[in-house]
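Undergrad: These are the residues of each chain, in order.
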Amino acid sequence: DTEVTQTPKHLVMGMTNKKSLKCEQHMGHRAMYWYKQKAKKPPELMFVYSYEKLSINESVPSRFSPECPNSSLLNLHLHALQPEDSALYLCASSQGSGQPSQPQHFGDGTRLSIL
Amino acid sequence: AQKITQTQPGMFVQEKEAVTLDCTYDTSDPSYGLFWYKQPSSGEMIFLIYQGSYDQQNATEGRYSLNFQKARKSANLVISASQLGDSAMYFCAMREVSGTYKYIFGTGTRLKVLA
Chain H
1 DTEVTQTPKH LVMGMTNKKS LKCEQHMGHR AMYWYKQKAK KPPELMFVYS
51 YEKLSINESV PSRFSPECPN SSLLNLHLHA LQPEDSALYL CASSQGSGQP
101 SQPQHFGDGT RLSIL
Chain S
116 AQKITQTQPG MFVQEKEAVT LDCTYDTSDP SYGLFWYKQP SSGEMIFLIY
166 QGSYDQQNAT EGRYSLNFQK ARKSANLVIS ASQLGDSAMY FCAMREVSGT
216 YKYIFGTGTR LKVLA
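Residue numbers (my numbering), protein chains in the order written: chain H, 1 to 115; chain S, 116 to 230.
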């Protein structure tokens, strides 16, 4: 079992829908991440929250809106997505200090399909 | 510039044999961490092993070991006594101390273990 929980595991939505992806961790980590992953490709970083503040936005389109309500929760709000946004969305967390020794811990991901 | 290079898109290994997955990296930061992750077809990213740039000894975790050659900037993953469950995508990743919270991933190697 992973220590980072993502819901839902699968999501099918139309281009006009609004939905949210949720991520939760209880490891006391202070950095949380959203990645997008296409088939047979490495994960692409989208957003990083550090101590509940957005620290990195990798020029992600505004139809993706992240939110970090507290240190354990991370949401990704979706609106007016395009078919090319269909992918596996991975959430990860790490301890959050400046040391490079900390691994990221990933959730199982949400498989998103845009109709 | 590509900072993590995995030159083997796919590898086959016979069950119970050892296999080496290659990873080279590029950084001018003296302090960095190197990680290997396993991603089965189900999607979750599983942290396997970590090597720090100042570590004198190669990291080991059970059947996984990391062949770290700092001067050659390589961090190859060695899996001993391969099992069918080792069939997965394997990603090498790096985090630089100066890179805030960014983890840089290689393109991955798909390993297939044959019975």
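Keep in mind that the hints were calculated from the coordinates and are not lab data. Beta carbons are placed, not taken as given, at the ideal position from N, Cα and C, and that holds for glycine. Treat the hints with caution; some may be incorrect.
[Claimed, not checked] Chain H stretches covered by chain S per the calculated footprint, using a threshold of three residues with CB under 8 Å from any CB of chain S:
#, region
1, 11-19
2, 34-44
3, 62-74
4, 90-97
[Claimed, not checked] Heads up, simulated DSBU-like pairs for lysine-lysine below, C-alpha to C-alpha not over 30 Å straight-line:
#, chain 1, residue 1, chain 2, residue 2
5, H, LYS40, H, LYS19
6, S, LYS227, H, LYS53
7, S, LYS188, H, LYS53
8, H, LYS22, S, LYS188
9, H, LYS36, S, LYS217
10, H, LYS41, H, LYS18
11, S, LYS131, H, LYS53
12, S, LYS217, S, LYS131
[To be verified] If you want a taste of the chain H side facing chain S, the calculated C-beta under 10 Å gives, among others:
#, residue
13, ALA31
14, HIS79
15, GLN82
16, PRO103
Undergrad: Could you work out which earlier hints the structure fails to respect and list their numbers in ascending sequence?
TA: Hint check: 1, 3, 6, 7, 8, 11, 12, 14 and 15 fail, others pass.
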